[in-house]
Amino acid sequence: VSSAVDLSDDERAFADVVERRVRSLVDLVKLARGEPGAEGLDAALVELGVPSVALGEDSGGSGLGLFGLVLIAEALGRHAVASDVVTGALAARLLAEGGASGWIDGLATGGVRAAVALNEGEGAWAPDTWRLDGERLTGAKREVAASAPAGLFVVGLAGGRLGLVEAGAGARLEALDGMDASRRLNVLELRDAEYRVLGTAPLGERLFSALSVLAAAEAWGAASRALEMSVDYAKTRRQFGRPIGAFQALKHQLADMAIEISPARFLVWRAARAWDAEAPETSRWAALAKAHATSVAVRACRAAVRAHGGVGYTQDYPLHLFLRKAMHAYADLGAPARHRERAAALAGWGQG
Amino acid sequence: MGEGLQTEAHRAFRDEVRAFLATEWRPEMARNAAAVAAFRRRAVEQGYLYRGFPRALGGSEQPTDPLRLEIIRQEFAMARAPREVTGLGVSMVAPTLLEWGTEEQKQRFIPPTLAGEITWAQGYSEPGSGSDLASLVTKAELVDGEWVVNGHKIWTSNAFRADWFFVLARTEPAAPKHQGISYLLIQARQPGIEIKRIRQISGKADFCEVFFEAVRTPADLIVGERGAGWTVSRTTLKHERNMVGSAAGARELFDRLLRLAERRRIDGRPALEDPVLRQRLVTLEGFVESHIASNEHQLLAGARGEEPPLLGQLNKITSTNIADEVAQIAMDLMGEDLLRAADPDTRSDAKWQQQVLGSLGLAIAGGTSNIQRNVIAERGLGLPRDEGAAQ
Chain A
1 VSSAVDLSDD
11 ERAFADVVER
21 RVRSLVDLVK
31 LARGEPGAEG
41 LDAALVELGV
51 PSVALGEDSG
61 GSGLGLFGLV
71 LIAEALGRHA
81 VASDVVTGAL
91 AARLLAEGGA
101 SGWIDGLATG
111 GVRAAVALNE
121 GEGAWAPDTW
131 RLDGERLTGA
141 KREVAASAPA
151 GLFVVGLAGG
161 RLGLVEAGAG
171 ARLEALDGMD
181 ASRRLNVLEL
191 RDAEYRVLGT
201 APLGERLFSA
211 LSVLAAAEAW
221 GAASRALEMS
231 VDYAKTRRQF
241 GRPIGAFQAL
251 KHQLADMAIE
261 ISPARFLVWR
271 AARAWDAEAP
281 ETSRWAALAK
291 AHATSVAVRA
301 CRAAVRAHGG
311 VGYTQDYPLH
321 LFLRKAMHAY
331 ADLGAPARHR
341 ERAAALAGWG
351 QG
Chain B
1 MGEGLQTEAH
11 RAFRDEVRAF
21 LATEWRPEMA
31 RNAAAVAAFR
41 RRAVEQGYLY
51 RGFPRALGGS
61 EQPTDPLRLE
71 IIRQEFAMAR
81 APREVTGLGV
91 SMVAPTLLEW
101 GTEEQKQRFI
111 PPTLAGEITW
121 AQGYSEPGSG
131 SDLASLVTKA
141 ELVDGEWVVN
151 GHKIWTSNAF
161 RADWFFVLAR
171 TEPAAPKHQG
181 ISYLLIQARQ
191 PGIEIKRIRQ
201 ISGKADFCEV
211 FFEAVRTPAD
221 LIVGERGAGW
231 TVSRTTLKHE
241 RNMVGSAAGA
251 RELFDRLLRL
261 AERRRIDGRP
271 ALEDPVLRQR
281 LVTLEGFVES
291 HIASNEHQLL
301 AGARGEEPPL
311 LGQLNKITST
321 NIADEVAQIA
331 MDLMGEDLLR
341 AADPDTRSDA
351 KWQQQVLGSL
361 GLAIAGGTSN
371 IQRNVIAERG
381 LGLPRDEGAA
391 Q
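Protein chains in written order, with the working numbering: chain A, 1 to 352; chain B, 1 to 391.
Keep in mind the hints are simulated off the structure, nothing from the lab. Please read these numbers as outputs of a predicted model, since none were measured by experiment. Cβ coordinates follow ideal geometry from the N, Cα and C atoms, glycine included. Some hints here could point you the wrong way.
Said to hold, decoys possible - Looking from chain A toward chain B, a few residues come up when the C-beta cut is under 8 Å (computed):
1. A4
2. V231
3. K235
4. R340
Claimed, not checked - Far from chain A, by Cβ distances over 12 Å, these chain B residues were calculated:
5. R51
6. A115
7. R161
8. A175
Start from the sequences and build out the full structure, keeping to the hints where you can.
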């Protein structure tokens with residue numbers, strides 16, 4: 001397992017292929033208007049082998065780990081899309097870690113779709129806040145992302161454990177309208193649902209850390225694109241007889257966006273490497289990366305709208321897609337303040 | 001954080017560095033200059049210091065390995081053992097000579113500079129040439145095989161302790177402003193040089209004004225061609241930005257702030273239990289760790305022969321922004337200690353006044369933050385150049 005804040009040749013090649021493929025499929029103008037603009041994305045990701053990216057080579061995967069999924073999440077963020085296939089790939093990895101072989105083949109080929117259900121309301125996203133428990137499961141999990149019917153739910157349980165629930169009469173999704181149109185949100189209603197606990201040791205913390213890192217990566221991808229669009233706009237839009245990017249006030253605003261956004265990518269990479277190495281500080285790196293990357297991403301995307309002036313405030317212009325994506329990543333899994341408090345507690349601050 | 005991410009080879013390397021320090025260094029040696037110099041020589045032999053310089057010039061000629069560098073930094077810091085000599089000689093002059101110097105200049109200046117036997121001060125800024133450095137007017141003329149230098153430099157750090165100056169002077173008055181400048185080495189203690197110290201708001205007085213009146217230096221102490229001084233100095237400035245932008249320095253500053261927070265109390269409780277302070281510290285730590293990770297990526301990419309676009313230009317202002325936020329948090333932690341005048345030698349927490357005020361100097365030295373933003377926007381992001389500034 002590499003610990004370097006850098007890409008290996010294999011990783012770079014993989015990132016390039018994913019980037020090209022996603023770019024070729026996405027029509028930002030259609031997406032901006034709320035029309036289907038990323039058809040065939042899930043199928044393309046399956047074809048690229050994404051479902052088994054996070055699995056080890058001994059389990060038939062490509063061994064790129066969470067870092068591989070981070071590279072995909074960056075690309076999805078950069079093109080304002082999302083995919084359940086990434087969730088499925090992470091679920092396959094967690095099932096492998098928990099020794100639950102049954103579903104892995106289906107997940108690893110993309111034949112089975114998985115959804116992750118954590119939030120019990122009022123910010124109860126993190127493993128230490130889950131209360132769901134019992135012989136069978138009855139209750140609700142909110143803001144569950146699933147754009148197509150899922151076959152398997154990975155559900156957070158009391159004690160930081162994970163449960164596996166098969167879709168069926170006792171477990172069904174009710175769709176909600178989402179703010180970020182790239183994913184459909186749902187409420188998972190559980191009524192006397194049968195389940196089994198994944199693994200012998202609680203795996204909730206592993207899952208929550210991984211999702212935090214992926215949210216950070218997606219937000220980073222979105223913000224880096226918003227910065228790129230703002231720079232391009234500043235070079236081409238003319239006022240007062242010159243490109244607006246020649247004015248120092250705007251130059252400095254764009255420079256400040258770059259100062260915050262560009263280095264944040266490598267904190268996210270660091271967190272992914274720690275997760276793949278199962279390093280002792282994994283949860284802390286993940287909390288730090290999630291809080292930091294989503295905060296600077298939202299700030300950069302808001303600055304991008306300001307840098308564009310009126311056109312950035314219109315629905316037809318795709319910039320708002322990236323802002324919404326950054327905002328989703330910001331609030332998903334709990335707001336940055338929650339993750340900062342986690343990072344402080346994990347460092348043992350204020351405990352003598 | 002970070003120790004958990006190393007390979008077996010790096011763990012073995014850490015053990016090796018620890019063993020070296022255990023046998024070769026005792027803290028009481030710090031008071032004995034000869035012992036420090038001898039220790040540095042042994043550390044160079046082991047490959048721990050001056051890794052980027054050839055053996056023949058007093059370096060240890062090691063392959064680039066940021067993790068090893070970081071291990072050396074951590075272990076030496078923990079043992080309170082001296083690392084490389086600090087100052088502009090090692091960070092700016094030696095790398096510039098390595099790139100642009102003649103064989104003779106390298107042999108003469110690099111080894112004693114690395115050994116700390118000669119110290120350097122920078123003669124760049126002038127009263128009328130700050131951010132617009134290329135407008136400088138200090139003049140050098142070749143007369144009878146010697147450069148004769150006349151002019152007035154300012155913000156020259158530690159000029160009063162320097163043995164040598166590296167100076168930008170106008171040698172080709174007819175050429176366009178960037179092409180008329182040469183990079184000269186001038187002995188500091190000689191007739192015609194007058195040094196005046198400038199007291200700063202932090203209470204220190206390490207900046208100076210330097211006046212040159214018919215000061216002489218041999219014709220062969222020019223680095224690079226006549227009129228190439230601007231290009232030569234860009235390498236030097238890049239080294240300075242890297243130094244001012246050092247992520248390890250930002251981490252050390254953050255760790256000092258954490259130790260201050262451990263000592264202080266807010267409303268009768270340990271400050272680190274305060275939820276608002278915890279939020280501010282982690283927010284800052286996100287910037288610190290991003291900066292460190294970005295620097296590490298730059299080093300690894302550099303070792304592959306790549307220079308990632310934009311990132312290098314962000315280092316200096318990122319360190320400045322971090323120091324600024326450290327200062328703001330420190331002010332809140334200091335409480336009433338902020339009100340008392342702190343003499344420079346105080347051991348109380350009032351010494352943080354130095355950092356609080358000194359952080360503002362960081363936003364100016366080596367290119368102000370607004371100049372950094374111009375560079376990022378124009379060279380990093382490719383926005384149109386300011387026509388007035390390019391003249």
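To see whether the hints hold, each was checked on the structure:
1. For A4 of chain A, the interface hint holds, since its Cβ comes within 8 Å of a Cβ in chain B; the closest pair sits about 6 Å apart.
2. The restraint placing V231 of chain A at the interface with chain B holds, with a minimum CB-CB distance near 5 Å, inside the 8 Å limit.
3. The criterion of a C-beta within 8 Å of any C-beta in chain B is met by K235 of chain A, whose closest approach is roughly 7 Å, and the hint holds.
4. Restraint check, R340 of chain A versus chain B: the minimum CB separation of about 4 Å is within 8 Å; hint holds.
5. In this structure R51 of chain B is separated from chain A by more than 12 Å, as the shortest Cβ-Cβ distance comes to about 18 Å.
6. At roughly 33 Å from the closest C-beta of chain A, the C-beta of A115 of chain B stays outside 12 Å, upholding its exclusion from the interface.
7. The claim that R161 of chain B is not at the interface with chain A holds, since no C-beta of that chain comes within 12 Å of its own (minimum 34 Å).
8. The Cβ of A175 of chain B sits about 27 Å from the closest Cβ of chain A, beyond the 12 Å cut-off, so the non-interface label holds.
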